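Enquirer: Residue numbers (the working numbering), protein chains in the order written: chain P, 1 to 253; chain L, 1001 to 1253; chain H, 2001 to 2253; chain C, 3001 to 3253.
If you are wondering where the hints come from, they were derived from the structure by calculation, not from laboratory data.
Keep in mind that this is a model prediction, so the values were computed, not measured.
Heads up, some of the hints might be wrong.
For the chain L half of the interface with chain P, some residues (derived, Cβ under 10 Å), not all of them [claimed, not checked]:
(1) Thr1046
(2) Pro1198
(3) Ser1212
(4) Asp1216
(5) Lys1248
Where chain L lies over chain P, by a calculated footprint (3+ residues, C-beta under 8 Å) [as the list claims (entries may be wrong)]:
(6) 46–53
(7) 59–65
(8) 224–237
(9) 246–253
Not close to chain L: a few residues of chain H, all C-beta gaps over 10 Å, as computed [what the hints assert, rightly or not]:
(10) Pro2019
(11) His2053
(12) Ile2153
(13) Asp2160
(14) Ala2173
(15) Ile2175
(16) Asp2197
(17) Gly2225
Note that CB positions come from ideal geometry on N, CA and C, so glycine has one too.
Protein chains: 4
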Amino acid sequence: MDGTAMQIMVTNDDGIGAPGIKALADALAELGDVTVVAPDRERSATGHSLTLHAPLRVFELRQGWFAVDGTPTDCVNMGLHSLLPSPPDLVVSGINHGSNMGDDVTYSGTVAAAMEANLMGIPSLAVSLATYGATEYFPDAAKIALQVCRAMIRQGLPADTFLNLNIPNLPFAEIKTPLITRQGKRSFVGKIVDKIDPRGRKYYWIGSEEPSFIDDEGTDYNAVGKGHPSLTPLHLDLTNHRALEALKQWQLA
Amino acid sequence: MDGTAMQIMVTNDDGIGAPGIKALADALAELGDVTVVAPDRERSATGHSLTLHAPLRVFELRQGWFAVDGTPTDCVNMGLHSLLPSPPDLVVSGINHGSNMGDDVTYSGTVAAAMEANLMGIPSLAVSLATYGATEYFPDAAKIALQVCRAMIRQGLPADTFLNLNIPNLPFAEIKTPLITRQGKRSFVGKIVDKIDPRGRKYYWIGSEEPSFIDDEGTDYNAVGKGHPSLTPLHLDLTNHRALEALKQWQLA
Amino acid sequence: MDGTAMQIMVTNDDGIGAPGIKALADALAELGDVTVVAPDRERSATGHSLTLHAPLRVFELRQGWFAVDGTPTDCVNMGLHSLLPSPPDLVVSGINHGSNMGDDVTYSGTVAAAMEANLMGIPSLAVSLATYGATEYFPDAAKIALQVCRAMIRQGLPADTFLNLNIPNLPFAEIKTPLITRQGKRSFVGKIVDKIDPRGRKYYWIGSEEPSFIDDEGTDYNAVGKGHPSLTPLHLDLTNHRALEALKQWQLA
Amino acid sequence: MDGTAMQIMVTNDDGIGAPGIKALADALAELGDVTVVAPDRERSATGHSLTLHAPLRVFELRQGWFAVDGTPTDCVNMGLHSLLPSPPDLVVSGINHGSNMGDDVTYSGTVAAAMEANLMGIPSLAVSLATYGATEYFPDAAKIALQVCRAMIRQGLPADTFLNLNIPNLPFAEIKTPLITRQGKRSFVGKIVDKIDPRGRKYYWIGSEEPSFIDDEGTDYNAVGKGHPSLTPLHLDLTNHRALEALKQWQLA
């Protein structure tokens, strides 16, 4: 930082009209110039998905707020390569309405946006508020996100790392100190609902309960359950390094 | 295995009409009963994306071949929860036309399908052929996939592991022995093309060159470059465990 | 009308955020209670198209303003069968940004919405402003629409008739008296633009010039060209009655 | 016709894989060279809708069979302006699975394709088989379509006319002689079904019964009900000419 304003890009997967992104952009304005580049409508559970087969459209809704008819990952591409005057110093994604913890981070468009920024060499953070119900605590969560951003700027991220922040659904005064965590595990129960449409044709709907997790000490889920924000360092390496040796014993041909 | 036939589910992200899935299903028929549940059209770069906001349709094209108007992840859900008579013993995804190596595995619908099966407790493998050009080597690659499946069945997968197999674009006789690898790193260059449509409105297209990778020994990319199939054990844990200690020193509130 | 307020439904095909629908809803509030049920984004050139293969979602943006993720025809169905407390006395569609004259009425989502209301027995009017450029004359056009609505209410529509109103792009004071017209004819020139996407695959784009029309006396196009609003009575009968006799001479079997 | 083969373009709205288009293309091969340009999947009830906001893709499935990811109207544009070596002598759309009679012709993608060809100056015919159930009579209906095409070629179409053919669902031997008809009227009953998705959000589905019609002598519906193919001359003029005089009495400003 040399006196010129810090450039911050904000995106999400709930869509540019969601209350979480408003609260986040407002809070981060304390740090520098905020540009919002976000999907024009909800894009939940889109994972790290990139629109390659079709073009994208951009609508500047108002000064510094761009809606894109694509995924959060598309938005990061559009922001970095086209819409911002120079690459941002920081990309922050959220605040998602609902947690992104455990194995669910792999589905998350919110986390994928931070992943994409990391791929492009920009420090990044995904922020989620841990409730699926109605909530008025986005501004409270945004204060926590601001604290984490200040720490990121002050300390610098470790190599090959982007951050995943999950915040309990509480008023700011009741939120405890953040804990550094590892990604937990979900106890998975999926289901499919099948029905008949008005023309007599069958259709299917992927169901979902509130996710339930294995409550291990040190995980994201455990921290949030106790009222702490959970901050998890993530990377793009999916290799299960502990399994490498076992596989090397296999007879393969 | 107790004498009853093994149940195998096959899916992909290039769409049910692609030559790669035909070659794979044909080869795996040697192992047991194959059911294909795959997207009705190309769904590349969809990542681990799940269709929650809309219903899905299923079309049984012929005995044991189901087309779904969703993503590869949707297909795994449909197969396991609705279309197969019982959960499969094995889920195999591919053969993708194009490699899925390095950071690109996070975008891959092919890999996401194997990830989803792993989440549901089913052993799984993603298979890709490392070329973007025209190729006639899908049947050759399918033979390699069959060998890897036999090894999976014989040895059993390590805990919390699914597999990512990338195969050089060569005739079977010229393919070397498979190597066990870790996920490599891409040297990322993205770009956006912008143009004007016939009505005078601007549109954008996310560009992509042939990906280029850092050629480190021991990586997926390095193995394939030398003519070896690359077999990488993956898991769902994105935690950068090496970064945990550094973050614990941060002043966060 | 018996003293209770008239119920008016407003829709369009430019999307619920377009300036034309705002001007129209504001003007019609003089006549009674206005409920807006309109597409969540632009749906131009969708013709009389109905979403039967997929479900629809409704978002109440604010009191009496409903966005639907469907076509204008879908919106009329949703309004009449679900969203309004009772069937409306009048359905008005527009104000479209761009004329809907001549053969182009068959493509128009704006006109299709009025057509759908007519099918359901509700008096209806489609309104378009005859310019493709930037304009500030939507409120001026809305005043003309209000005059036509007053006449519809006063006189009653002829049997099997709905109305198509095209308004010159002028300040209210310069707009001449409305003329009753017949649908003109377009002198059609189409074209296709073909290009190559960033992955080297060909794509096509249907082009369009500003439409040009045959300038016959008595047509919609002729009236608007002279500065008059054009009001055309339409019906759903596509039969070319003059051709019936000629066809009856054909030897068909 | 001067000894060179007649060029015929065939399209539909049920999708290029539907049995009706196969039967039609087979039958018309007796008349000349048939090129199929049809939607890659079902596009029912799309009306006269044109894809202007997004590009189109074309896949040549086999020699002379092109799938387009657009509407029937898009297919006619693609065929005439890009895919066929020269403009066709005839465009035939169908055979639709289900009738297109009465007011329903305005929703029909099958009829819209013939309408689009007419706009471009090419003689055209829409063909529908009057059943919503399973049927094996597409080849029988295709013979009737061939007879009508022969008559079109022999006699020439009246000015500003395209044709709409509806065929009873009967074996060829039981189909009576075709009747020249006018478009009938539907007795309209619509409905909306509303439900709750697995995440607790409401969705709506536009329902449809088997359409019922007013059984007037001389209409399409009446002819088909008595076992006759119905051939209706259509045009693009939606003007209700009988209403013009009444409207001219209105006090408008």
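Enquirer: It remains to establish, for every hint, whether it holds in the given structure.
Expert: Results of checking the hints against the structure:
1. Because the closest C-beta pair between L/Thr1046 and chain P is about 5 Å apart, less than 10 Å, the hint holds.
2. The interface hint given for L/Pro1198 is broken, as the beta carbon of that residue sits about 13 Å from the closest beta carbon of chain P, more than 10 Å.
3. The closest approach between the C-beta of L/Ser1212 and any C-beta of chain P is roughly 13 Å, which is over the 10 Å cut-off, so the hint fails.
4. With a least beta-carbon distance of about 12 Å to chain P, the hint placing L/Asp1216 at the interface is violated under the 10 Å criterion.
5. Residue-level restraint check for L/Lys1248 holds (minimum Cβ-Cβ distance to chain P is 5 Å; threshold 10 Å).
6. With a cut-off of 8 Å between beta carbons, the segment 46–53 of chain P has 8 residues touching chain L; three or more are needed, and the interface restraint holds.
7. With 0 residues having a Cβ less than 8 Å from any Cβ of chain L, the segment 59–65 of chain P misses the three-residue criterion, and the hint is violated.
8. Check result for the segment 224–237 of chain P against chain L: holds, 7 residues qualifying (beta carbon to beta carbon below 8 Å, three or more required).
9. Counting residues of the segment 246–253 of chain P whose beta carbon lies closer than 8 Å to any beta carbon of chain L gives 8, which reaches the threshold of three, so the coverage claim holds.
10. Here H/Pro2019 stays apart from chain L, with its beta-carbon at least about 17 Å from theirs, past the 10 Å limit.
11. With 10 Å as the threshold on Cβ separation, the claim that H/His2053 sits away from chain L is violated: the shortest Cβ distance comes to roughly 8 Å.
12. Look at H/Ile2153: its CB is around 37 Å from the nearest CB on chain L, clear of 10 Å, so calling it non-interface holds up.
13. With a minimum CB-CB distance of about 35 Å to chain L, H/Asp2160 clears the 10 Å threshold, and the non-interface call stands.
14. Every CB of chain L is more than 10 Å from the CB of H/Ala2173 (nearest about 31 Å), matching its label as outside the interface.
15. In this structure H/Ile2175 is separated from chain L by more than 10 Å, as the shortest Cβ-Cβ distance comes to about 27 Å.
16. Against the 10 Å criterion, H/Asp2197 falls within the reach of chain L, whose nearest CB is about 6 Å from its own CB.
17. With a minimum CB-CB distance of about 22 Å to chain L, H/Gly2225 clears the 10 Å threshold, and the non-interface call stands.
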